[in-house]
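Residues per chain, in single letters:
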Amino acid sequence: MPDINELYQQTIIEHHKKPRNFGKLEHYTHHAEGYNPLCGDHLHVYLRVGADQIIQDVSFEGDGCAISRSSASLMTESLKGKPLNTAKELFNEFHDMLLKKLDPAKDPHHLGKLSIFAGIWQYPSRVKCASLSWHTMTGALEQKESVSTE
Amino acid sequence: MNTFDPKSIRSDFPVLSRRVNGRPLVYLDNAATTLKPQTVISAEMDYYQNFTSNIHRGVHTLSEEATDRYEAVREKARAFLNAHRSEQVIFTKGATEAINLVASAYGEAFLKAGDEIIISEMEHHSNIVPWQLLCERKGCVLKVAPMNDRGEIIFSEFQKLLNEKTRFVSLVYISNSLGTINPVKKLIKEAHKYEVPVLLDAAQAVNHFAVDVHDLNCDFLVFSGHKLFGPTGVGVLYGKKELLEAMPPYQGGGDMIASVTFKKTTFNTLPYKFEAGTPHIAGVIGLGAALDYVKEIGFEAISKYEQDLLEYGTEKLLTIDGLSLIGTASQKAAILSFTLPGIHPHDIGTIVNKEGIAIRTGHHCTQPVMAHFQIPATSRASLAFYNTYDEIDQLVSALKTVKTIFA
Numbered sequence: 007m008p009d010i011n012e013l014y015q016q017t018i019i020e021h022h023k024k025p026r027n028f029g030k031l032e033h034y035t036h037h038a039e040g041y042n043p044l045c046g047d048h049l050h051v052y053l054r055v056g057a058d059q060i061i062q063d064v065s066f067e068g069d070g071c072a073i074s075r076s077s078a079s080l081m082t083e084s085l086k087g088k089p090l091n092t093a094k095e096l097f098n099e100f101h102d103m104l105l106k107k108l109d110p111a112k113d114p115h116h117l118g119k120l121s122i123f124a125g126i127w128q129y130p131s132r133v134k135c136a137s138l139s140w141h142t143m144t145g146a147l148e149q150k151e152s153v154s155t156e
Numbered sequence: 125m126n127t128f129d130p131k132s133i134r135s136d137f138p139v140l141s142r143r144v145n146g147r148p149l150v151y152l153d154n155a156a157t158t159l160k161p162q163t164v165i166s167a168e169m170d171y172y173q174n175f176t177s178n179i180h181r182g183v184h185t186l187s188e189e190a191t192d193r194y195e196a197v198r199e200k201a202r203a204f205l206n207a208h209r210s211e212q213v214i215f216t217k218g219a220t221e222a223i224n225l226v227a228s229a230y231g232e233a234f235l236k237a238g239d240e241i242i243i244s245e246m247e248h249h250s251n252i253v254p255w256q257l258l259c260e261r262k263g264c265v266l267k268v269a270p271m272n273d274r275g276e277i278i279f280s281e282f283q284k285l286l287n288e289k290t291r292f293v294s295l296v297y298i299s300n301s302l303g304t305i306n307p308v309k310k311l312i313k314e315a316h317k318y319e320v321p322v323l324l325d326a327a328q329a330v331n332h333f334a335v336d337v338h339d340l341n342c343d344f345l346v347f348s349g350h351k352l353f354g355p356t357g358v359g360v361l362y363g364k365k366e367l368l369e370a371m372p373p374y375q376g377g378g379d380m381i382a383s384v385t386f387k388k389t390t391f392n393t394l395p396y397k398f399e400a401g402t403p404h405i406a407g408v409i410g411l412g413a414a415l416d417y418v419k420e421i422g423f424e425a426i427s428k429y430e431q432d433l434l435e436y437g438t439e440k441l442l443t444i445d446g447l448s449l450i451g452t453a454s455q456k457a458a459i460l461s462f463t464l465p466g467i468h469p470h471d472i473g474t475i476v477n478k479e480g481i482a483i484r485t486g487h488h489c490t491q492p493v494m495a496h497f498q499i500p501a502t503s504r505a506s507l508a509f510y511n512t513y514d515e516i517d518q519l520v521s522a523l524k525t526v527k528t529i530f531a
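Those protein sequence lines, which keep their order, are chains A and X. 7 is the number of the first residue of the first sequence in this note's numbering; add one for each residue after it. 125 is the number of the first residue of the second sequence in this note's numbering; add one for each residue after it.
One thing to keep in mind: the hints can contain errors.
[Said to hold, decoys possible] Listed next, the in silico DMTMM-like pairs over lysine to aspartate or glutamate satisfying Cα-Cα at most 20 Å (straight line):
| # | chain 1 | residue 1 | chain 2 | residue 2 |
| --- | --- | --- | --- | --- |
| 1 | X | Lys527 | A | Glu20 |
| 2 | X | Lys527 | A | Asp9 |
| 3 | X | Lys478 | A | Glu12 |
| 4 | X | Lys524 | A | Glu12 |
| 5 | A | Lys23 | X | Asp445 |
| 6 | X | Lys524 | A | Glu20 |
| 7 | X | Lys524 | A | Glu99 |
| 8 | X | Lys478 | A | Glu83 |
| 9 | A | Lys86 | A | Glu99 |
What the hints contain is simulated information worked out from the structure, not anything from laboratory work.
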């Protein structure tokens, strides 16, 4: 097992305490509610997508652990201003990384700061914490009202 | 046993020699399940190795041995609960199934639309959902006795709920998420004024002190073997004889019948009427070993030591700045539920696990309790007689690490 500080890095703690893009978005085009019944983590993701298929703005709100909140916060940062195709690509890369199918140290990727979640596969019970906001975002784009991790 | 020695007791539990993340295991999740002593493990293995066979039908040696051993546990469980007769002990797969059995069999036969069922605000989901399902089927009404902010049932509110429409009361003896020991004898007495039967969910009680169904005068009582140092998948329903006899069967199958024709089936007598199919024979035999084990240590010693641990743990946890205890009833079992401001219990659980400490984090299958305190979850350290003062110190030290990481 790696050092606990590798999981709870400063960036994660900092985004947990001061999440970016937190709160309900005005004039959103897409929204979904994500829920992890196992631990009670609960969040909403809002997106405003333009006619040009660009994510003009994105936000989240809700309660959760440091992993789920910081992951949601970092997700909103990385999606803002990106085309929908890129969002889907990032989701796939992020998902592969959580499942240890993609190693950001070796494999090509576009994850940027999101690669701080690379070690999370070593904590199987916490993978869903990191992925909840991403599943909720995908659900919103697919017009699903609610997303559950179970 | 005159002196209580946790060190020698610890050697009875093989898993306590394990290391987790390079550290000796500190197991503080006893309200989820207790550890198993070697005698329980050996008893189950003995059945599989030496006398595997089905019970209640064979005339061969192995079957007779298995039947004798299985039925001997019924007598042990009777003595354990101080019940009158062994046929008042029904083996189930756990406390949950036992509650479902009563909700289904008693509920189907004796409850009708408009009847009221009382539970409390601090019930485990297993003592909420079976009654909700029954209410949906029959049109009964579920009433909830509220608790105060210390996590104690408000007696006057419970009294107010009782009326001539009340037909059943089902209450938890000890709250799994708060540790509250409810004054069940007093609550039962009150319900009996209206001739209402009372079921006690004793899943969290049977491992802490002696439970006497005769003295409590409860009508039903349920517990699980795995929370009493026994195997998973086995539990007990105790019931008053006249109630059990009046109830229709819960499930149909082998062993629960007297005779079967395609026109008419007549049912077996107690307790077999409620034990359809081949039961968890190995589990019941393992439970017997667990009952022997706690009897040998003695509840007097267990209760005293656990109360000392609880007092020490309460004091030590409260030295952590900002920590709030959830559940501060005047009568408590050795369960410590707590929160730290700004730190989610799951983060706490992951970090202390790195130091080999197993605690439970989440809603503990008591979402209404979490709603009462307006929190999503708690961290919970639940103690048993094999835990030590040193382990509590280790938890406190790990919680200080958590605070440093989140500082």
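Just to be careful, I want the Cα atoms of Lys527 of chain X and Glu20 of chain A compared with a cutoff of 20 Å; is the pair within it? 14 Å, holds
Would you check the hint for Lys524 of chain X and Glu99 of chain A, treating anything up to 20 Å between C-alpha atoms as holding? Outside the cut-off at roughly 36 Å; violated.
Are the Cα positions of Lys524 of chain X and Glu20 of chain A separated by 20 Å at most? 19 Å, holds
Are Lys524 of chain X and Glu12 of chain A close enough, with their CA atoms no more than 20 Å apart? 18 Å, holds
Under the criterion that the straight-line Cα-Cα distance not exceed 20 Å, is the pair Lys86 of chain A, Glu99 of chain A satisfied? 17 Å, holds
If you draw a straight line from the CA of Lys478 of chain X to the CA of Glu83 of chain A, is it 20 Å or shorter? 30 Å, violated
Has the given pair, Lys23 of chain A with Asp445 of chain X, been kept, meaning a C-alpha gap of at most 20 Å? 19 Å, holds
Regarding the pair Lys478 of chain X and Glu12 of chain A, is the alpha-carbon distance no greater than 20 Å? Judged against 20 Å, a Cα distance of about 12 Å means the pair holds.
Hey, Lys527 of chain X versus Asp9 of chain A, does the alpha-carbon distance stay inside 20 Å? 16 Å, holds
Comparing the model with each earlier hint shows violations of hints 7, 8; every other hint is respected.
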